[in-house]
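Colleague: Each chain, letter by letter, is given below.
Protein chains: 2
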Amino acid sequence: MMELNVTAPPAGSPPPGKEQQAAGVGILLQISMLVLSFVLGHVLRRKKFYYLPEASGSLLIGLIVGVLANISNTETSIRTWFNFHEEFFFLFLLPPIIFQSGFSLAPKPFFSNFGAIVTFAILGTFIASIVTGILVYLGGLTFLMYRLPLVECLMFGALISATDPVTVLSIFQELGTDMNLYALVFGESVLNDAMAISLYRTMSSVRSHASSGQNFFMIIVRFLETFVGSLSSGVGVGFTSALLFKYAGLDIDNLQNLECCLFVLFPYFSYMLAEGLGLSGIVSILFTGIVMKHYTFSNLSENSQRFATAFFHLISSLAETFVFIYMGFDIAMEQHSWSHVGFIFFSILFIGVARAANVFGCAYLVNLVRPAHRQIPSKYQKALWYSGLRGAMAFALALQSIHDLPEGHGQTIFTATTAIVVLTVLLIGGSTGTMLEALEVVGDDYDGPIGEQSYEGNNGYVAPSYEEGTSSGSRLKMKLKEFHESTTSFTALDKNYLTPFFTSQNDDEEDFGEPTQDKRRGGFRGHG
Amino acid sequence: MMELNVTAPPAGSPPPGKEQQAAGVGILLQISMLVLSFVLGHVLRRKKFYYLPEASGSLLIGLIVGVLANISNTETSIRTWFNFHEEFFFLFLLPPIIFQSGFSLAPKPFFSNFGAIVTFAILGTFIASIVTGILVYLGGLTFLMYRLPLVECLMFGALISATDPVTVLSIFQELGTDMNLYALVFGESVLNDAMAISLYRTMSSVRSHASSGQNFFMIIVRFLETFVGSLSSGVGVGFTSALLFKYAGLDIDNLQNLECCLFVLFPYFSYMLAEGLGLSGIVSILFTGIVMKHYTFSNLSENSQRFATAFFHLISSLAETFVFIYMGFDIAMEQHSWSHVGFIFFSILFIGVARAANVFGCAYLVNLVRPAHRQIPSKYQKALWYSGLRGAMAFALALQSIHDLPEGHGQTIFTATTAIVVLTVLLIGGSTGTMLEALEVVGDDYDGPIGEQSYEGNNGYVAPSYEEGTSSGSRLKMKLKEFHESTTSFTALDKNYLTPFFTSQNDDEEDFGEPTQDKRRGGFRGHG
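Residue numbers (my numbering), protein chains in the order written: chain F, -14 to 513; chain V, -14 to 513.
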């Protein structure tokens, strides 16, 4: 299989030795690019140069090195270390990123915006997928672009609706913005990954069973089954870990390593459990992250808490940066079918429209329910609309669609996705700072106390235009209010039953809301 | 390639979906075994049951699950997740273990025993390999055992001379033993891995170039080239990292994550650099570990120091435990040729003889040089002889020998190695506690101050028998004394030039010798 050559490879040496050396060179290159990305990101941040965020920098580094490797005719054995393997991405790179998203969530602003976030993520992503899919299908029918069957259009719609939180959020953190806007963007982009992947898989399975004639109802049921199943298994693993750490008594001296080892294994356990059950690992690990931070975390010893926070932050930073490098390199290496420039152009147009339908539509619904002082202002909606850049999740799903779809179709989708990823990461990533300033949502209240009052603060803009719409949707409003109340009652349930049951200390709760908690999240990439 | 099934796999689903689910199940099983190992190890340690150390427990868990999987006819797609891949072992599991060995080294006792350790590890391993090889060859000639060509016997001798530090050391830590004995066992077993792998590769390349007629001298030169080259590259990377962290000014607030990311990447960089250059990564990363701990570490911020220590400890604990599980599982799964029971029996005999030649021979040389109060007592020598159990390194090299050697030969070596690994891990691992008590080297001076004086303490047994041998070897003694002095002068060089140049604080040195430092090492597996 492989050989660690102790000597310079002699002429007659067998291939294995070369293979091992190639692995060394490949990994060495990757590590060097990682180091370069971190250093470049750090320098640019120091110089307050926001036009090239770290993620864009990493993508560019990957692209440049990829092009150079292409020109210089690097050996295939080294190249294989750079091909984007979806398996590697889904099994090893994605779990820490998603877990960290759930784990670093600042619960206060997240839960106080829970209804809105869920609306944007679940309903909104569904709308965006369908709108994109149908527009692309119509585009095909009218010969505007390459023609794909409806179900494939919907698959494309689903995969391209997965937005990437990394870049925009790091800039939000740098510039400082309102915590509620931050929570909306963050919560939406994290949850919508899970939604998009579930939708994509559902469509994919519909496609491969089109002959067996399943109806629309069955698809919805199956989707809900998966989503609820994954969510429950994730929450279940999280609660199990909370109980384990509450009663195992590992928070004493000397056992820190054992405690940390077990703590670190749980998220991965949750991911693989869901995968093994045929559910969605990403949904599962996200909720495990939220539950573990909310309950398990406070059962750890203080040292382990500090360690676990730094550990997941480190691992996810490495994984994120690596994903962008990896993606850049692979884009430079892969075969693309550039014959469908029209497809790319119209796709970009359509995803803009679809995201508008998602954001403005859902915001309208949310504002129906919220009291006047908590309305989502129109500039926040615009900021949210603008922050929808596409990243690694869309890329990985597109790469997979090559295997899932017939010859040519998958290629077209892949090329379009690649172009969209590169353009949005570079353009949106580079202009987010300017956009935030133009919309006047940049402020220093990020450092202030977190909570509702930020809306009444210097960003206390209330959109009056939506107030008049209430009469028309009064029945809808009633329904939504009920949902709103159920989220409020969840907070009470949490406070009175869950927290006392799953954690050892009750007074820990206040810790969750303190600013340092969010600073940590700020370091997600911001200080990385 | 793979598919995250959102639904229960339907009858007509394509293989990729199943593959992904199989990966989930496979990894889930591995994580469960890891958790089980940690918990079992913890419980046994609590109950002070030393007959089943953690490593043996992990090996047994792997074996049992492997046998069950064999009986229950587990699907091949799940099995592939358990096959021991040497590539995975060498590229991902071994580096953190070896780095941690270097990083957790308590420098005071290590450097004060440096001459002895180097003698045991370099000269001793060389002697042991040659003796084993020649005995096995003679055994073959006299029809005692399966007959192998001399160079293959030497390869076997080299790979079987790699001793595993994990199990014995964790027991040493639990029971508490003299720091000098600990340093000897630890230093020898860490360095001898590097030596054994280099020897194995050299022999392997000699074998494949037997026709081109290289002489013995060339082999030695090539071996030294590799060894010195790897050592220099490792030390070079270590010093580079020290300078980087000294001048980059990352030890300020907010940059902890960047600092940790870079710090964590360096060891791996060193490993891959050496591999990419065709040198030995394991030698390189070991010395990077020593240098980084000695110099770079003190340039980190306090938080990062705490984090880095816990991080490497965690990663190496996971890797070590996993290696034993992985090995156990693979042993239960692989095809073995049990027809050569004689080969196994005599091999065990011969490695005992070879280790005696190594330990007692080298101890004789060391005692020639040392002053009377620092002689290595005979009971320490016996303890050192006894602690030579074989682990994952021998196993991985044996597995590789299947590919390197002709049909049948590799199989025989592999089966013999497997048997030796299982027997030594279970038997020696289980009886180390009893042995240490029988030799009366168990004491509480582990907690006391570390240094030379332990020899004069309650273990101050001086072997007088060797004193009379000095006259016969007086010329040799002179040579060795010179070497001894050169190690002493290294300490001065370090104190006066290296430490001030590579670190920001000079007063950090004392930290290295404090007991907590070694407690941490104690936690290597002891508290894990």
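Read the hints as simulated data drawn from the structure, not as lab findings.
Careful: at least some of the hints might be erroneous.
Since copy identity is lost for identical chains, a pair holds within one copy or between any two.
[What the hints assert, rightly or not] Here are the simulated BS3-like pairs of lysine-lysine, each with C-alpha atoms no more than 25 Å apart in a straight line:
| id | residue 1 | residue 2 |
| --- | --- | --- |
| 1 | Lys367 | Lys231 |
| 2 | Lys480 | Lys32 |
| 3 | Lys480 | Lys93 |
| 4 | Lys367 | Lys93 |
| 5 | Lys32 | Lys231 |
| 6 | Lys231 | Lys33 |
| 7 | Lys93 | Lys231 |
| 8 | Lys93 | Lys364 |
| 9 | Lys367 | Lys32 |
| 10 | Lys480 | Lys33 |
Colleague: Hint by hint, say whether it matches the structure.
Modeller: Comparing the hints with the structure gives:
no., hint, verdict
1, Lys367 x Lys231, "neither (44 Å within a copy, 45 Å between copies)"
2, Lys480 x Lys32, "neither (44 Å within a copy, 38 Å between copies)"
3, Lys480 x Lys93, "within (13 Å within a copy, 52 Å between copies)"
4, Lys367 x Lys93, "within (23 Å within a copy, 62 Å between copies)"
5, Lys32 x Lys231, "between (46 Å within a copy, 21 Å between copies)"
6, Lys231 x Lys33, "between (44 Å within a copy, 24 Å between copies)"
7, Lys93 x Lys231, "within (23 Å within a copy, 39 Å between copies)"
8, Lys93 x Lys364, "within (22 Å within a copy, 63 Å between copies)"
9, Lys367 x Lys32, "neither (28 Å within a copy, 62 Å between copies)"
10, Lys480 x Lys33, "neither (41 Å within a copy, 41 Å between copies)"
Going down the numbered hints, you'll see the structure goes against 1, 2, 9 and 10, while the others check out.
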